[in-house]
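Keeping the supplied structure of chain A fixed, place chain B upon it in accordance with the hints.
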Amino acid sequence: MGSAIEAKTHKNMPGADKEADLTERIEAFLADLKRGGCGTGPIRGSGETARETTALLRKVTAQARWSSAGDLMEIIRKEGRRMTAAQPSETTVGNMVLRVLKIIREEYARSRGSSEETDQQESLHKLLTSGGLSEENFRQHFVHLKANVIEAINELLTELEGTTDNIAMQALEHIHSNEVIMTVGRSRTVEAFLKDAARKRKFHVIVAECAPFCQGHEMATNLSKASIETTVIADAAIFAVMSRVNKVIIGTQTVLANGGLRAVNGTHTVALAARHHSTPLIVCAPMFKLSPQFPNEEDTFHKFVSPHEVLPFTEGEILSKVNVHCPVFDYVPPELITLFISNIGGNAPSYIYRLMSELYHPEDHDL
Amino acid sequence: MSSRGGKQKKGNVTSEQEEEEQPLQAVLVADSFNRRFFPISKDQPRALLPLGNVAMIDYTLEFLTSTGVQETFVFCCWMSNKIKDHLLKSKWCRPTSPNVVHIITSDLYRSLGDVLRDVDAKNLVRNDFILVYGDVVSNIDVSQALQEHRHRRKVDKNISVMTMVFKESSPGHKTRCEEDDVIVAMDSKSKRVLHYQKTQGLKKLQFPMNIFQHGSDEFEIRHDLLDCHISICSPQVAELFTDNFDYQTRNDFVRGILVNEEILGNQIHLYVTQDGYGARVSNLQMYDSVSLDMVRRWVYPLTPEANFTDQQGQGCTHSRHNVYRGAEVSLGHGSQMEENVLIGRDTSIGANCHISNSVIGNNCTIGDNVVLDRAHMWNNVHVSSNVEIHQSVVCDGAVVKEAVRLNKQCVLAYNVVIGPNLSLPEGTVVSMHHPEEEEEDDDDEFLSDDQEVGHSKDKTRQKAFNPAEVGPEGKGYIWKASMNDTEDEELAQCLWGLVLNPDPESDSESEASEESQDRSRSVSPEIDDVNAFQLEVLGTLQRGLEENIVCDNLVLEINSLKYAYNITLKEVMQILTRVVLEYPFQQQGTQLTTLQYTGSLLPLLKTWSPVFKNYIKRAQDHLDCLSAVEELFLEQDTHQTAMVKVLMKMYQLEILEEEAILKWFSTGATNDKSRQLRKNQGLQKFIQWLKEAEDESSEEGE
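Listed in order, the protein sequences are those of chains A and B.
Each residue of the first sequence is one higher than the one before, starting from 1 at the first, in the UniProt record's numbering.
Each residue of the second sequence is one higher than the one before, starting from 1 at the first, in the UniProt record's numbering.
Looking at chain A on its own, in the form it has when it is part of the complex (with noise of 0.2 Å):
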């Protein structure tokens, strides 16, 4: 592999010819981001965005012009600020800018490590004065870093498809025969969880339809193809329903650094009614969904999309007379949750913090 990519750089003319390919590659990515997949892209899960970031970053790493571990930590950072600029609301995006990011450092530090050996171990006093391998460090040329770089990109692309399959797996440890759980929206793996107990155990699982997007319809008929015992309920039906409920198994779009969730409209209504019954409230959450954002007031935290799903513009007068808004995104508060399960096994919400610290190197917190 090593010779292979030596021979790119000695030719010049398809080295240029691959930056355009790649910056076109990238202002596509950008552009479909921007449009929020609802252009002519396909409507994209958070998996598939993971898996389309990390590709991407990959092919950075293998043809964009670097010499050593610092560059291509400036190049992908850059890339990365454009990137979660692009749709803010996409946490996804950034997870993965950062997993890279963190996969250069360690390269970087297994590779002097093997030919110095030195810095083998992160001593708690390093970790206090932190700054430890600053940029200047990385400055240092290793000829198999590009390679090593690439295979464990690859390595978290193979961990990025088989989460869902990690987490379904799990299904059979929470789902008991005949219990009632309630579910909100449509969340791919929510789905998957479900039809994987589903195949063992007998349940009845109520969907909150989720309005005004209604996703829970899709998800409603996606069950009982899957021969599972399924009701959909209105959203104000929600606190009614939950004194039945055994159990409430969420998705969300992302996980915050605080343990609290940024998830589908509804998903709050549906935590606090839970937290009145005591219920215990599961979110399925794979790893990638961890992002190093605190809930804030910030701007970017919202979306807001087209009205039109409230009141359809087809309406005369009254819009000229009414505002209407869309939002997207509830914010639900770490306290309401009781356990998150992940592809690599269930976790309490005060734990996320030191999740956080496992994925991402703190000093790529901020891009």
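Just so you know, the hints here were simulated from the structure itself, not pulled from any lab data.
Don't take each hint at face value.
To be verified - No farther apart than 25 Å at their CA atoms in a straight line, the calculated lysine to any residue pairs in the SDA-like style are these:
1) K59/A <-> R25/A
2) K303/A <-> S356/B
3) K679/B <-> Q640/B
4) K59/A <-> H144/A
5) K321/A <-> P301/B
6) K89/B <-> R81/A
7) K203/B <-> E315/A
8) K78/A <-> K203/B
9) K303/A <-> Q293/A
10) K303/A <-> H390/B
11) K91/B <-> R25/A
12) K78/A <-> E155/A
13) K174/B <-> P327/A
14) K78/A <-> A327/B
15) K91/B <-> A20/A
16) K122/B <-> F245/B
17) K321/A <-> S319/B
18) K303/A <-> K321/A
19) K321/A <-> S335/B
20) K154/B <-> T242/B
21) K204/B <-> G316/A
22) K247/A <-> R275/A
23) K321/A <-> K174/B
24) K122/B <-> Y563/B
25) K102/A <-> L172/A
26) K18/A <-> S90/B
27) K18/A <-> E71/B
28) K174/B <-> V310/A
29) K606/B <-> E659/B
30) K321/A <-> H390/B
31) K91/B <-> P327/A
Using the frame of chain A, we list chain B on its own:
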């Protein structure tokens, strides 16, 4: 509105596989071919006017790109250089753009028809293409409409030539503008358009019976449609425009096709979308509502904070109540941005301001205690303290001084200064252009944005600003008030599009191309063409005289000659004048005495005066005609004395106007010879006489 054209060429039936592979193309017409945005569009083409601080053409291009268009032809006419510069700087012309943008400029486009004829002449489109104007704002996903269109074309063997995209919206909707109101009769199964009519405020509408006898059992007559001005066209559309050179607009085309449907078998279809947003900014009222819709996120994902144009520093943040702030915005103590507010970068706002439903551009300064409601401010606007602005447009560089109040539907065009202590009444339009530049032009049907505006600059400069109108420190002229006839009111209203000019389209469109004329930047056609044209005109007139042909028919012939030889209107008129004046020489040899000459010429002038009147309408035309007369008599210097008589006759026949002659006399002299000419005694007397403007004109003439 789509129309289907006359004859359909069957030649270009490409194989289906080929069609699949070809990239989707679009034709974007970056000119409105009308003057609804005057006086604003005098300084900036409409497609570049900012809507939510982004040029309108960028919305259109983003719309096209997101629907998967891979090749766009942008046709510009009025101020094409500005549009070109803008596009070259934008992200659309970067090599990585998925949508390849070709810019085609020409000063000769007069209408949509001309553009499509050019598309056909240059053979640009190979397949179905999307036709939009440069001021369409939309997020509609037309891929389904496109699919339906292609399917129909496959099944029906190219019978369907156009699919128009409409958005469902009930009557009375704020984003529906009255003048674009259409009523459509369609076959509900095949979505075929049977009848298409602009309502134009009519209470009573008539449908021809035969549309209901087509054999289909379900019809819909719909009035709840908003025309998005997006049409999916087959390549035949361009050909049909070529075949029918009288088609100027899509309206003509639709009418033409529907009328000829029986004979030619072309059909138009309709695609009605419920979701998505699409509207054309066709007047200021539409501008106002589209701008608000955009801020209210109806056009998501084309929202201000998305910065889809990828411009540096254009980004802004979105917070509650749809308040958008660019970088470096400062807001004074006690100021409130209530709702639906977009503020561009580097703008500073003073204390205790109330802002709602407004868009403020970059680099603006706003004083204290300002109330803005539905204000649309562009870049670099300065607003002093205690100002109130309601539903008005304030263009780049305008200054609003202390304690000014702009009532509804005011427009401050570029660089105007207003105030202090003034209240502008509703519907006031203030511009740096003196309305008299336009005065004469407004009463004809000239509709193109494309015209030279600087011709009377000197005159403009001399006029002082009226402090009663624009305030003691004000700069600018009221656009509406100084115009004297009844149409002005309509024009001023038309800017906002609230009151309907009884029949604005039909007068104007039909003749727009013949009457519009290129004043300053006439592109001279091949010399041969001009000569050939001159000979042809001469021949036509000769025949007209011999066979006693009606003048209307002569006009028709000359018009078709104009097209055949590609002659601009200005030249048509000059050549016509020259031919007529030389006619006696042509017939009786050059040895004529002055007396003989005038004797034979004057009756001719009388005979042909309708022809002249058809071409000479606006002030500039008069001047052009006069200069042609002058030129001829400079050449034939022995006959200079005849000139007075010719002018007099033309004046009497009302071919030429008194003001035009006076103006020509006072300003037209450019060299010694022409100055000499003006010293001619007879001419001096004539002018003297005109100046006194008595009505005893008749005796002196002969």
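I'd like to know which numbered hints this structure contradicts. Please list them from smallest to largest. Structure breaks hints 8, 10, 25 and 31.
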